[in-house]
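Residues per chain, in single letters:
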Amino acid sequence: MLVNSLSEPGAWPVETCFNAHATKLKVEVECVCPRANSNTSDWKPSWSGQRTMDLGDFEADNSVSCRLASAIPEVCRSEDCCLGIDEAGRGPVLGPMVYGISFCPISRKDDLKNMKVADSKTLSEVERETLFQKLDEAKSFVGWALQILSPNTISTSMLQRAKYNLNALSHDAAIGLVQYTLDCGVQLKEVFVDTVGPAEKYQEKLSKRFPGVEVTVRPKADSLFPIVSAASICAKVARDHVVKSWGFVEDLGEVDTDYGSGYPNDPKTKSWLQKSLDPVFGYPQFVRFSWSTAKTLLDTRAVPVRWDDDEEDGEKAAARMHCSSMLSYFSREKPGGSVRETHRFFSERRLQSLDSL
Amino acid sequence: MSSNGSVTLLQLGSVVQADKPQVHLLPCEIEQDGPAEVSRYFTSAVKDRKHEMSVSFRGRGLKGQEVSCPQAYTGLVLKEDHKPTTDQEDRTVRVSSVFHHFTYWNLETQPTSDDAVVMAMAWPELAEAIHGSVDDR
Amino acid sequence: MTTKKKRSLNIQNDRWVAIAADSVVDASKTDASDPVFVRLKNPATDVASLYLFGSGDSQLYEVKAFDEDYHSWFVGQTVQRDGRLLYITPMDPLYLLLPYLIKAVKEGKFQPIQQLVMDEDFPACSRLLSCTQTQASLHHVAEEKEVGSQRFHRYSQEKTMEWLKKKVDKTVKVLKKSNISVGGGVKSTTYIRMKQESDAQEEDYLRYAHGLISEYISEDLSKELLKTLRLPEISSPKESEPPTKKRKLSDKPVEAGEDYTKFNSADFTRKSWGSGISKLETHFASIGTGGLGIGKREASIHFHRNVL
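Sequence lines, in order, name chains L, V and D.
Here the UniProt record's numbering is used: the first residue of the first sequence is 1, the next is one more, and so on.
Here the UniProt record's numbering is used: the first residue of the second sequence is 1, the next is one more, and so on.
Here the UniProt record's numbering is used: the first residue of the third sequence is 1, the next is one more, and so on.
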């Protein structure tokens with residue numbers, strides 16, 4: 001239900017039409033992240049090397065989901081195109097998950113291949129940076145777009161009353177990006193998707209959603225199809241940059257940034273989680289609270305926090321909210337045994353007498 | 001026979017020393033009393049867009065609304081520094097904080113005037129009707 | 001650990017968040033002694049409730065708690081588990097004095113008020129006599145006699161009803177000015193059918209105000225007040241006749257009850273309830289006029305639950 005509603009165009013908090021105009025190395029991006037005063041030139045590089053991807057819009061508010069995109073190559077609006085989808089940062093307990101797409105005319109597939117794009121996981125960070133730069137230089141025929149799902153979006157979605165799981169989140173992100181390219185006039189004919197889940201079901205879902213587009217969902221697609229490799233490089237580069245220079249929305253002062261890759265089994269990540277835990281708040285929004293790693297630490301080491309929907313699904317919670325016997329809760333037993341009901345003015349307002357301070 | 005003979009003194013002299021903190025009402029029970037890094041983790045992360053306030057706590061999305069104390073009413077935080085050992089003894093509380101508005105947070109839902117905490121703000125006005133003197137005529 | 005339960009009662013709070021009438025605090029500017037929280041006998045429940053005497057006992061306050069499950073406070077850089085919000089609002093001491101006066105009237109004679117208001121279970125009750133409002137309004141509920149320098153009092157039901165009626169009227173006035181929804185409660189068709197639509201709403205207000213005042217008086221007085229207000233008694237929703245009975249009185253189909261308990265206004269503005277309710281009232285009024293042509297007092301009374 002939720003999945004559908006979110007997959008509708010416009011359900012993502014993203015403006016559908018982008019004013020993308022590319023400048024030399026910087027890719028102008030549009031983003032929904034509302035910001036009072038964004039000044040991307042304020043950005044300070046936190047790693048060596050050139051920054052070819054401008055993440056300023058996400059960094060202006062990294063608590064929400066954000067879409068970044070390159071300009072649409074003109075040729076993609078007139079020629080049949082293929083598009084690859086891949087994700088980066090599905091497993092880590094820290095930082096965002098990034099969905100990436102990359103697209104080019106089917107006729108230029110070989111050009112892409114010649115750029116030696118490969119599965120981002122087989123590449124070093126420097127190689128990925130270099131390849132992303134190459135892709136950016138090929139902007140006359142290669143376009144890309146990203147959906148950055150902030151860790152806060154992941155936490156609050158997965159933990160919300162009506163649970164929204166990671167697969168649904170991922171699928172909706174992918175669908176949103178494909179829809180975006182269609183809305184921009186890209187002549188989409190082939191879509192290649194890398195998946196971790198069951199490929200058939202996902203393929204069926206996407207084929208149904210995008211009739212007229214040939215969808216191929218395949219495990220390891222990022223090593224099989226160059227266009228998916230390109231997408232995986234874009235996603236991975238974005239994720240790396242965001243994690244490396246994470247701007248904590250919290251006012252943490254001197255913060256230990258030696259948190260490693262963010263994967264739960266990374267010793268650096270483990271020890272960072274151990275020492276960063278606050279007994280009341282748990283963690284900053286950088287941490288995915290919905291990950292079992294974080295949950296376990298909170299359950300054992302933080303102050304217990306109870307919500308009205310604990311241990312019950314959304315429907316039950318809603319039913320309880322409505323049916324909770326407000327009357328019995330508020331009715332008072334008189335010594336004689338007879339019960340006088342508290343007037344609804346008070347029961348509706350949850351106002352009660354007190355017998356002591 | 002009962003502890004009804006003991007009273008609790010409210011030390012008003014303490015008002016002048018009371019601080020004026022930010023006050024938030026959260027939609028969860030936090031099983032803790034005491035210091036908390038509220039400004040480090042919480043108030044610094046509050047987003048206020050077009051008067052829609054949002055934040056998250058422990059990975060759950062909250063939506064907030066500021067409410068003011070009813071007219072001619074003041075928010076007080078009362079603190080009991082020493083608990084007597086028996087319920088026969090008188091107690092003493094002081095005013096540790098004073099506030100004039102606070103922010104209440106709903107779990108995921110947008111605050112509305114139907115929220116019980118907002119509706120409860122109507123109580124003082126009605127109490128005045130129920131308890132004010134009636135005409136002597 | 002994760003079992004759902006209400007905040008256990010034996011947790012010792014040492015901090016409370018409250019909203020108090022400014023007069024409680026303003027007393028610090030005078031020489032009056034500090035306010036005190038006391039336990040007095042709640043006139044509606046006969047058990048102990050918390051009150052506060054302020055300005056050297058000259059003003060009484062009631063203490064209520066807004067108490068919704070699963071709430072906690074952040075106050076500055078601290079967390080407070082107890083998410084209640086206390087309200088400290090001025091209270092009319094006469095409500096608390098009435099049970100003592102009524103108890104004494106059985107002896108039938110005039111007595112000095114100090115003698116009437118004594119209670120070893122609630123020793124603080126004598127402080128009620130220091131309240132300015134007590135002195136000024138005792139005559140509303142008791143007959144007075146002055147012999148020499150001493151004053152004597154005797155409870156008067158008649159006076160008390162007059163006084164309570166004024167309380168109800170005053171409350172109705174405030175309710176009408178407020179955004180509080182008084183419709184949707186239990187009411188009788190008898191009252192409505194005698195009157196026009198506006199009076200149908202009048203009954204809602206009267207009943208609502210009566211219900212509020214009844215929070216401060218005994219059940220007996222509450223019933224007596226209902227008679228004084230000429231409102232037919234509805235002892236409990238269960239005893240009222242089901243809505244099907246009502247249908248027999250009217251050929252018109254009964255409109256599906258709109259849910260007046262909810263209006264989730266996104267704009268956070270308060271709305272008037274008038275228009276929606278009056279539609280329903282019109283319907284009741286029509287039931288009335290087409291119904292039995294008997295005078296109100298003799299009428300056999302038909303009850304139904306309106307909405308909900």
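Watch out, some of these pointers could steer you wrong.
Listed below are several chain V residues computed to face chain D (Cβ distance under 10 Å; list not exhaustive) [stated by the list, open to error]:
hint	residue
1	5
2	23
3	25
4	35
5	44
6	48
7	75
8	86
9	89
10	90
11	92
12	99
13	123
Below, in silico cross-link-like pairs of lysine-lysine (DSS-like), each with a Cα-Cα straight-line distance of 27 Å or less [claimed, not checked]:
hint	chain 1	residue 1	chain 2	residue 2
14	L	163	V	79
15	V	79	D	29
16	D	170	V	20
Which residues of chain D face chain L? A few of them, derived with a C-beta cut under 8 Å, are [stated by the list, open to error]:
hint	residue
17	37
18	66
19	68
20	79
21	115
22	118
23	119
24	205
Simulated from the structure, these hints should not be mistaken for lab results.
Here a beta-carbon is modelled for each residue, glycine too, at the ideal position from N, C-alpha and C.
Each hint, compared with the structure:
1. 5: holds (5 Å)
2. 23: Since the shortest Cβ distance to chain D is 5 Å, the answer is holds.
3. 25: holds (6 Å)
4. 35: holds (6 Å)
5. 44: violated (12 Å)
6. 48: Interface hint status for residue 48/V: violated (14 Å vs cutoff 10 Å).
7. 75: holds (5 Å)
8. 86: violated (13 Å)
9. 89: Status violated, d = 14 Å.
10. 90: holds (8 Å)
11. 92: holds (9 Å)
12. 99: Holds. Min distance 8 Å.
13. 123: This interface hint holds because 6 Å falls under the 10 Å limit.
14. 163/L with 79/V: violated (40 Å)
15. 79/V with 29/D: holds (21 Å)
16. 170/D with 20/V: violated (36 Å)
17. 37: This hint holds: residue 37/D lies near chain L, its Cβ roughly 5 Å from the closest one there, short of 8 Å.
18. 66: holds (5 Å)
19. 68: holds (5 Å)
20. 79: Where the cut-off is 8 Å and the nearest Cβ of chain L is about 6 Å from residue 79/D, the hint holds.
21. 115: violated (25 Å)
22. 118: violated (20 Å)
23. 119: Hint violated; residue 119/D Cβ to chain L Cβ min 15 Å, cut 8 Å.
24. 205: violated (12 Å)
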